[in-house]
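Chains L and W are the protein sequences, given in the same order. Under this note's numbering, the residues of the first sequence are numbered 344 to 453, in order. Under this note's numbering, the residues of the second sequence are numbered 11 to 126, in order.
Be a bit skeptical, because a hint or two may be false.
[To be verified] Listed next, the in silico DSBU-like pairs over lysine-lysine satisfying Cα-Cα at most 30 Å (straight line):
| hint | chain 1 | residue 1 | chain 2 | residue 2 |
| --- | --- | --- | --- | --- |
| 1 | W | K29 | L | K401 |
| 2 | W | K77 | W | K29 |
| 3 | L | K385 | W | K32 |
| 4 | W | K51 | L | K440 |
| 5 | W | K62 | L | K365 |
| 6 | W | K81 | W | K54 |
| 7 | W | K50 | L | K385 |
| 8 | W | K51 | W | K29 |
| 9 | L | K440 | L | K400 |
| 10 | L | K401 | L | K385 |
| 11 | L | K414 | W | K62 |
| 12 | W | K29 | W | K54 |
| 13 | L | K380 | L | K401 |
| 14 | L | K365 | W | K32 |
| 15 | L | K411 | W | K51 |
| 16 | L | K400 | W | K54 |
| 17 | W | K62 | W | K81 |
| 18 | W | K19 | W | K50 |
| 19 | L | K414 | L | K400 |
| 20 | W | K62 | W | K19 |
| 21 | L | K414 | W | K54 |
| 22 | L | K440 | L | K380 |
| 23 | L | K411 | L | K401 |
| 24 | L | K400 | W | K62 |
| 25 | L | K380 | W | K51 |
| 26 | L | K380 | W | K54 |
| 27 | L | K365 | W | K46 |
[Unchecked claim] Sample of chain L residues facing chain W (criterion: CB under 7 Å; computed from the structure):
| hint | residue |
| --- | --- |
| 28 | V430 |
| 29 | K440 |
| 30 | A445 |
Calculated directly from the structure, the hints in this document are not laboratory data. Built from N, CA and C at the ideal position, the CB exists for glycine as well.
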Amino acid sequence: GENVEQHPSTLSVQEGDSAVIKCTYSDSASNYFPWYKQELGKRPQLIIDIRSNVGEKKDQRIAVTLNKTAKHFSLHITETQPEDSAVYFCAASRDYKLSFGAGTTVTVRA
Amino acid sequence: DTAVSQTPKYLVTQMGNDKSIKCEQNLGHDTMYWYKQDSKKFLKIMFSYNNKELIINETVPNRFSPKSPDKAHLNLHINSLELGDSAVYFCASSQGTGGLPAGELFFGEGSRLTVL
Numbered sequence: 344g345e346n347v348e349q350h351p352s353t354l355s356v357q358e359g360d361s362a363v364i365k366c367t368y369s370d371s372a373s374n375y376f377p378w379y380k381q382e383l384g385k386r387p388q389l390i391i392d393i394r395s396n397v398g399e400k401k402d403q404r405i406a407v408t409l410n411k412t413a414k415h416f417s418l419h420i421t422e423t424q425p426e427d428s429a430v431y432f433c434a435a436s437r438d439y440k441l442s443f444g445a446g447t448t449v450t451v452r453a
Numbered sequence: 011d012t013a014v015s016q017t018p019k020y021l022v023t024q025m026g027n028d029k030s031i032k033c034e035q036n037l038g039h040d041t042m043y044w045y046k047q048d049s050k051k052f053l054k055i056m057f058s059y060n061n062k063e064l065i066i067n068e069t070v071p072n073r074f075s076p077k078s079p080d081k082a083h084l085n086l087h088i089n090s091l092e093l094g095d096s097a098v099y100f101c102a103s104s105q106g107t108g109g110l111p112a113g114e115l116f117f118g119e120g121s122r123l124t125v126l
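Starting from the given sequences, assemble the full structure and let the hints guide the process.
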């Protein structure tokens, strides 16, 4: 089955700086790569996703890049704000089954 | 109008008891899931149903039994609860059909189960 590894497990950044989270996956047939944000005590919510026929996607301050050859994808958050503090999960899927990474706890320092 | 709702939100019970968590979605989605989130925040899929048919059944003790009476509902029954079952259980749904990628998962608020 799919195995998704996510790094780092924790990330502390100064407000206004950028944050980068990296994930690798094992199943070369995976073709859908979403990112979820989970605030403390809340449900995970989709923030951005990318499919295998696209190399990069951007939505305001967040962007995701995908390297299918190397089987890794990354989340970039620019101009971080206190409300970006949360746990971020990457995931990979080729059908119904979405396999999640272990999560990255991001703390934005004011 | 809540898209994916699950009840109860909190559940505290003794070891050995049996309990159920209910989930309903009003998004018209074909696929529903149960995920378990442990104390380290790891999200692990347990089950998935597509139009009332079980399509994913991960390595989960058979004390856990899902039931989908219709495509809008997916319940989770747990027998003989153990300390290690303590976790937050998330129900989710997605508009995935015919083997296509799941697409966006819409999660419920979660049900925090504490086994004493």
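Hint-by-hint comparison with the structure:
The straight-line distance between the Cα atoms of W:K29 and L:K401 is roughly 43 Å, outside the 30 Å bound, and the hint therefore fails. Restraint check: the Cα-Cα separation between W:K77 and W:K29 comes to about 13 Å, which is no more than 30 Å; the hinted pair holds. Using a Cα cut-off of 30 Å, the hinted pair L:K385 and W:K32 holds, with the two alpha carbons roughly 18 Å apart. With a CA separation close to 19 Å, the supplied pair W:K51 and L:K440 stays within the 30 Å bound.
For the proposed pair W:K62 and L:K365, the alpha carbon gap of about 36 Å is over 30 Å, so the pair is violated. Annotation: proposed proximity of W:K81 to W:K54 holds, straight-line Cα distance about 22 Å (limit 30 Å). For the hint linking W:K50 to L:K385, the alpha-carbon distance of about 15 Å falls within 30 Å, and the restraint holds. Note on W:K51 and W:K29: the hinted pairing holds, with a Cα-Cα distance of about 22 Å set against a maximum of 30 Å.
Proposed proximity of L:K440 and L:K400 is supported: the alpha carbons are some 22 Å apart, at most 30 Å. Between L:K401 and L:K385, the direct Cα distance comes to roughly 25 Å. Compliance with the 30 Å bound is thereby established for this hinted pair. Taking the CA atoms of L:K414 and W:K62, the gap is about 33 Å. The hint is violated against a cut of 30 Å. For the hint linking W:K29 to W:K54, the alpha-carbon distance of about 20 Å falls within 30 Å, and the restraint holds.
For the hint linking L:K380 to L:K401, the alpha-carbon distance of about 16 Å falls within 30 Å, and the restraint holds. Taken as a hint, the L:K365 and W:K32 pair is broken in the structure, with Cα atoms around 35 Å apart against an allowance of 30 Å. Restraint check: the Cα-Cα separation between L:K411 and W:K51 comes to about 27 Å, which is no more than 30 Å; the hinted pair holds. For the given pair, L:K400 sits about 26 Å from W:K54 by alpha-carbon distance, which is consistent with the 30 Å threshold.
The straight-line distance between the Cα atoms of W:K62 and W:K81 is roughly 5 Å, inside the 30 Å bound, and the hint therefore holds. Only pairs whose Cα atoms come within 30 Å are accepted, and W:K19 paired with W:K50 is accepted, the gap being roughly 19 Å. Pair hint L:K414 plus L:K400 holds up; C-alpha atoms about 17 Å apart against a cutoff of 30 Å. Proximity of W:K62 to W:K19 is assessed by CA-CA distance (about 24 Å); at most 30 Å being required, the pair is judged to hold.
Under the criterion of a C-alpha separation no larger than 30 Å, the hint pairing L:K414 with W:K54 is consistent with the structure, at around 21 Å. About 19 Å separates the Cα atoms of L:K440 and L:K380, which keeps this hinted pair within 30 Å; it holds. The suggested pairing of L:K411 with L:K401 holds, with an alpha-carbon distance near 18 Å, which does not exceed 30 Å. Pair hint L:K400 plus W:K62 does not hold up; C-alpha atoms about 34 Å apart against a cutoff of 30 Å.
Simply put, L:K380 and W:K51 have alpha-carbon atoms about 12 Å apart, close enough for the 30 Å limit, and the pair holds. A hinted pair counts as satisfied when its Cα atoms are at most 30 Å apart, and L:K380 with W:K54 qualifies at roughly 16 Å. For a cut-off of 30 Å, the pair hint linking L:K365 to W:K46 stands: about 23 Å separates their Cα positions. The beta carbon of L:V430 comes within 6 Å of a beta carbon in chain W, closer than 7 Å, and the hint placing it at the interface holds.
Interface hint at L:K440: satisfied, since its Cβ lies 5 Å from the closest Cβ of chain W, which is below the 7 Å cut-off. The interface hint given for L:A445 holds, since its Cβ lies 5 Å from the closest Cβ of chain W, which is under the 7 Å cut-off.
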